[in-house]
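Asks: Sequence lines, in order, name chains L and R.
If you count the first sequence from 1, position 164 lands on 164 in this note's numbering, and the numbers rise without skipping.
If you count the second sequence from 1, position 226 lands on 461 in this note's numbering, and the numbers rise without skipping.
Do not rely on the hints blindly, as some may be mistaken.
[Said to hold, decoys possible] Here are the computed lysine-lysine pairs in the DSS-like style, where the Cα-Cα straight-line distance is at most 25 Å:
#, chain 1, residue 1, chain 2, residue 2
1, R, K263, R, K320
2, R, K409, R, K320
3, R, K551, L, K47
4, R, K564, L, K47
5, L, K80, R, K376
6, R, K376, R, K409
7, R, K328, R, K259
8, L, K183, R, K374
9, L, K80, L, K120
[Stated by the list, open to error] Derived DEER-like restraints, expressed as beta-carbon distance ranges:
#, chain 1, residue 1, chain 2, residue 2, range
10, R, T395, L, A166, 14 to 24 Å
11, R, E508, L, G193, 40 to 50 Å
12, R, E379, L, G193, 26 to 36 Å
What the hints contain is simulated information worked out from the structure, not anything from laboratory work.
A virtual CB, placed ideally from N, CA and C, is assigned to each residue, including glycine.
Each chain, letter by letter, is given below.
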Amino acid sequence: MFARTAASVAVIITLAAIDGAAAQTANQPPDTMAARVEACTPCHGNKGEGTSDVYFPRLAGKPAGYLYNQLLAFRSGRRKYPPMNYLLEFLPDPYLEAMAEYFAGEHPPLPQPAPSEVSKEVLAQGELLATSGDASRSIPACVSCHGPALAGMQPGIPGLLGLRAAYISAQLGAWRYGTRTAKSPDCMQLVAGHLTEADVTAVAAWLATRPAPANPAPVPKGTYALPFGCGSQPN
Amino acid sequence: MGSKLSIAFLALVVLTTAAQAQDKAQGKNSDIIARGEYLARAGDCTACHTAPEGRLFAGGRAMPTPFGTLYTSNITPDTDTGIGKWSADDFYKTMHSGRFPDGGLIYPAMPFASYTKVTRADSDAIYAYLRAIAPVSQKNKPHELRFPYDNRQLILGWRTLFFSEGEFKPDPKKSAEWNRGAYLVEGLGHCGMCHSPINALGGTSQSDAFKGGLIPMQNWYAPSLTSNREAGLGDWSIKDITDLLQTGVSMRGVVYGPMAEVVHNSLQYLNDEDTRAMAVYLKGIAEPSPPPPASSTLPTTESSLLISLGKTVYDKHCASCHGTQGEGKPPHWPPLANNQSIEMQSAVNPIRMVLNGGYPPGTKGNPMPYGMPPFAGLLSDNEIAAVVSYIRTAWGNRGTPVSAREANELRSAPLN
């Protein structure tokens, strides 16, 4: 009898404890990264797929190392965009890393490429630069670093697909004018420094027309050798 | 043989004692340095004296002021470009009197009007710590102040009006804990730099201490610490206050904007006793205030239209986190009902939060804070004004409606 009473008391206590825990959880936000990064979603989409605003990039599926570098650069103000600088200013490294991992691990489908507003000739020039570069002007092909499928390489080289022409040309412009910089050797700034405004328009337009590859995931580190040193992709 | 042994033994004893004495001296020294580091955190020296991506305490951070841009100085122990030549006396005098060792006047962006309250012992500990960090050779950048503010002699006028030199004097009628809190809040914490109103001359009068004001150049409102209608903590529990100061979040509210910086760089490092002392003092200085004047500059019809639109916007965009009754899910999703920072006379902070969103600081106690999304791109000026008017007046909140013009003006407020 005593044992049974004790047992039922124990059950009641346990139930009460579970109840308390449930109540606690019900009154708390979900303990997930998705809930923690809701501040990112008005501009980057619920899963980092991007939004209708052409200047806000897709984050989903980019290499975590690349995303982390961008978060660090926005936090320190090296990469300037006040709404981002403001949001990240007081967040610690491990949290930024977790955010980067979260968006790197999301794989919403790539959007249908938008029809281009530029002429066929311009698109052809963009394709030529992106796939072959222009050795006479020391411009390497985009694919030589961003990969044959333009899906990027772990850990630091981003894929270039699923982005709108306006965003790509704004970023290439920022590299050209030195308002966007990265760790030395700043490979992207070196490349962009050789581009003309017409090159930027052409490359951005062509990249934005690319359909999703069969496998949009960034390739593993070391899959191919880079043509030159890059601070964002240490050996 | 025996005597040789005993000599050797004696020598050993002497050596050991000498070594112990040295250890002790070193131990004492490292205690002072550790204490100095702790106090430098309490003073939040790094917020100004370390530039983004810069070396610790090497200065060079731009400080925009209404009078031009100041650049903070190198306070590493570098002999040529830092404070390597300063003695402990020099350091104390600078902190205490707001003058460089050569007598030169310091611009009051450096909170010497607060630091003057710091004791000699604490000043010496901070000095010992700053001697122990890595020296960085980095020349100070000249200030870029507009005429006539580039004339340092003007500081004399400011000092006459607003500076009273002197260490903190404990109030014998109050507890030791209250006095410790007062020392930290009024001294190293230099809370008054933001939480006291600043007049056109860039000063604060003693009688207005901690009464709140708009922070120049940042366009955030630093609420009054004395009025329970603002950030007065009179009806907060001590635990809610210490949670807010140490972790950035609490059951009553969350810090964002400039206060997130303070928690991130300074307050999260304070020990439980000091945090509690600050809480006791802050709770103590809050004065019950008369009920708010429920007057609005907006015509009644416009207000009621705004508030009705505001409810629609709220239910669509805000209620999923903050609850249909503004109850939130504290501490991470703050309550809006009975939240002083929503209701207070200045609507600058709630408007800015809706426009820009924000993250509380990542702290030891809350390393992965939840963020508020920015709505600047999703909502029109009218919708922003409507939803802010709604949360300021719903659920028994006693704030006043705001206009679309106020919302629009804050779209261009600086974000960093």
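Asks: If a hint holds in the structure, say so; if it does not, say that too.
Replies: Against the structure, the hints:
The suggested pairing of K263(R) with K320(R) holds, with an alpha-carbon distance near 23 Å, which does not exceed 25 Å. With a C-alpha separation of about 40 Å, the suggested pairing of K409(R) with K320(R) is violated against the 25 Å cut-off. Straight-line distance between C-alpha atoms of K551(R) and K47(L) comes to about 20 Å, which keeps the hinted pair within the 25 Å bound. Restraint check for K564(R) and K47(L): satisfied, since their Cα atoms lie roughly 23 Å apart, inside the 25 Å limit.
A hinted pair counts as satisfied when its Cα atoms are at most 25 Å apart, and K80(L) with K376(R) qualifies at roughly 22 Å. Among the hinted pairs, K376(R) with K409(R) is inconsistent with the structure: their alpha-carbon atoms are about 45 Å apart, more than 25 Å. Pair hint K328(R) plus K259(R) does not hold up; C-alpha atoms about 29 Å apart against a cutoff of 25 Å. About 24 Å separates the Cα atoms of K183(L) and K374(R), which keeps this hinted pair within 25 Å; it holds.
In summary, the hint linking K80(L) to K120(L) is not supported, as the alpha carbons are separated by about 34 Å, beyond the 25 Å threshold. The given range of 14 to 24 Å is broken by T395(R) and A166(L), whose C-beta atoms sit roughly 56 Å from each other. For the hinted restraint 40 to 50 Å between E508(R) and G193(L), the CB-CB distance of approximately 56 Å leaves it violated. A hinted range of 26 to 36 Å holds for the C-beta pair E379(R) and G193(L), which are about 30 Å apart.
Of the numbered hints given earlier, the model fails hints 2, 6, 7, 9, 10 and 11; all others are met.
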